[in-house]
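Read top to bottom, the protein sequences are chains V and F.
Its first residue numbered 1, the first sequence is counted upward by one per residue in this note's numbering.
Its first residue numbered 1, the second sequence is counted upward by one per residue in this note's numbering.
It should be emphasised that the hints constitute simulated quantities derived from the structure, not laboratory data.
Using N, Cα and C, we set each Cβ at its ideal position, and we do this for glycine too.
Check the hints yourself; a few may be wrong.
Every beta carbon over 10 Å from chain V, so not counted as near; a handful from chain F, in silico [as the list claims (entries may be wrong)]:
{"no.": "1", "residue": "G16"}
{"no.": "2", "residue": "V19"}
{"no.": "3", "residue": "S33"}
{"no.": "4", "residue": "S65"}
{"no.": "5", "residue": "N71"}
{"no.": "6", "residue": "S86"}
{"no.": "7", "residue": "L88"}
{"no.": "8", "residue": "L90"}
{"no.": "9", "residue": "A97"}
{"no.": "10", "residue": "D100"}
{"no.": "11", "residue": "P106"}
Residues on chain F that point at chain V, a partial pick, calculated with CB under 10 Å [stated by the list, open to error]:
{"no.": "12", "residue": "Q6"}
{"no.": "13", "residue": "R51"}
{"no.": "14", "residue": "S73"}
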Amino acid sequence: TQLLEQSPQFLSIQEGENLTVYCNSSSVFSSLQWYRQEPGEGPVLLVTVVTGGEVKKLKRLTFQFGDARKDSSLHITAAQPGDTGLYLCAGARWTNAGKSTFGDGTTLTVKP
Amino acid sequence: ETGVTQSPTHLIKTRGQQVTLRCSSQSGHNTVSWYQQALGQGPQFIFQYYREEENGRGNFPPRFSGLQFPNYSSELNVNALELDDSALYLCASSLSANTDTQYFGPGTRLTVL
Chain V
1 TQLLEQSPQF LSIQEGENLT VYCNSSSVFS SLQWYRQEPG EGPVLLVTVV TGGEVKKLKR
61 LTFQFGDARK DSSLHITAAQ PGDTGLYLCA GARWTNAGKS TFGDGTTLTV KP
Chain F
1 ETGVTQSPTH LIKTRGQQVT LRCSSQSGHN TVSWYQQALG QGPQFIFQYY REEENGRGNF
61 PPRFSGLQFP NYSSELNVNA LELDDSALYL CASSLSANTD TQYFGPGTRL TVL
């Protein structure tokens, strides 16, 4: 069974601070996605990473895929209250495209 | 706005009843995956449909079944509802069964009493 562990489970910070959340597994994935989900809504795709060591930037968000394709991190610079939400990582394997395994997420609260 | 729609938004059922949830995928997408998200947890894969055929299934009992129609919209049916079936049910569409990039709908919140 593939498991994705996300840490921390909860994170509460002040506006302007930087933060990093992690997504770790003992399994290798062909790709890994990061989503942001707000209460009562579906996850919204932020990024897909596919190459070991890959770094992608989306404004103040930086995503990194581990060299061994087993882990990933999301770094947010100068967090804003609008960044508040549940951040989910999801991994897929070559033979199971689109049948993603999700972590349980990191709930981020950014206080003004 | 992902272009994926789900209905109904909310639903309340009692134990033992049956429920049908519906999903309309994004234009041009022929693959739909269904997920169950219990409170405080990440989504869990139920099954995927590709061109009207089931294309993979997660660890869910047979009372969870699905359909995909020629226009690639999809249904999730759950029979003999149990209290633990209470969850947010999400569908996600993708361009094909070979892509990992999925776009989620807003979900249907099912409450079983």
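Hints, verified against the model:
Here G16/F stays apart from chain V, with its beta-carbon at least about 27 Å from theirs, past the 10 Å limit. The non-interface label for V19/F is consistent with chain V: the shortest C-beta to C-beta separation is roughly 18 Å, beyond 10 Å. Its beta-carbon lying about 6 Å from the closest one in chain V, S33/F breaks the requirement of being farther than 10 Å from that chain. For S65/F, the condition that its CB be more than 10 Å from all CB atoms of chain V holds, with the nearest at approximately 17 Å.
No beta-carbon of chain V comes within 10 Å of the beta-carbon of N71/F; the shortest separation is about 19 Å. Non-interface status of S86/F relative to chain V is upheld: no Cβ of that chain comes within 10 Å, the nearest being about 14 Å off. Remark: the non-interface label on L88/F conflicts with the geometry, its nearest Cβ contact in chain V lying 8 Å away (cut-off 10 Å). For L90/F, the requirement that its beta carbon stay farther than 10 Å from each beta carbon of chain V is not met, with the minimum near 5 Å.
Residue placement check: A97/F does not keep its beta carbon more than 10 Å from all beta carbons of chain V (closest about 6 Å). With a closest Cβ-Cβ approach of about 4 Å to chain V, D100/F is found to fall inside the 10 Å limit, against its non-interface label. For P106/F, the shortest C-beta to C-beta distance to chain V comes to about 5 Å, within the 10 Å cut-off, and the non-interface label is violated. Proximity of Q6/F to chain V holds as hinted, the smallest CB-CB distance being about 8 Å (cut-off 10 Å).
A distance limit of 10 Å between C-beta atoms decides the matter here; for R51/F the minimum to chain V is near 13 Å, and the interface restraint is violated. The criterion of a C-beta within 10 Å of any C-beta in chain V is not met by S73/F, whose closest approach is roughly 16 Å, and the hint is violated.
Checked against the numbered hints given earlier, the structure breaks hints 3, 7, 8, 9, 10, 11, 13, 14 and satisfies all the rest.
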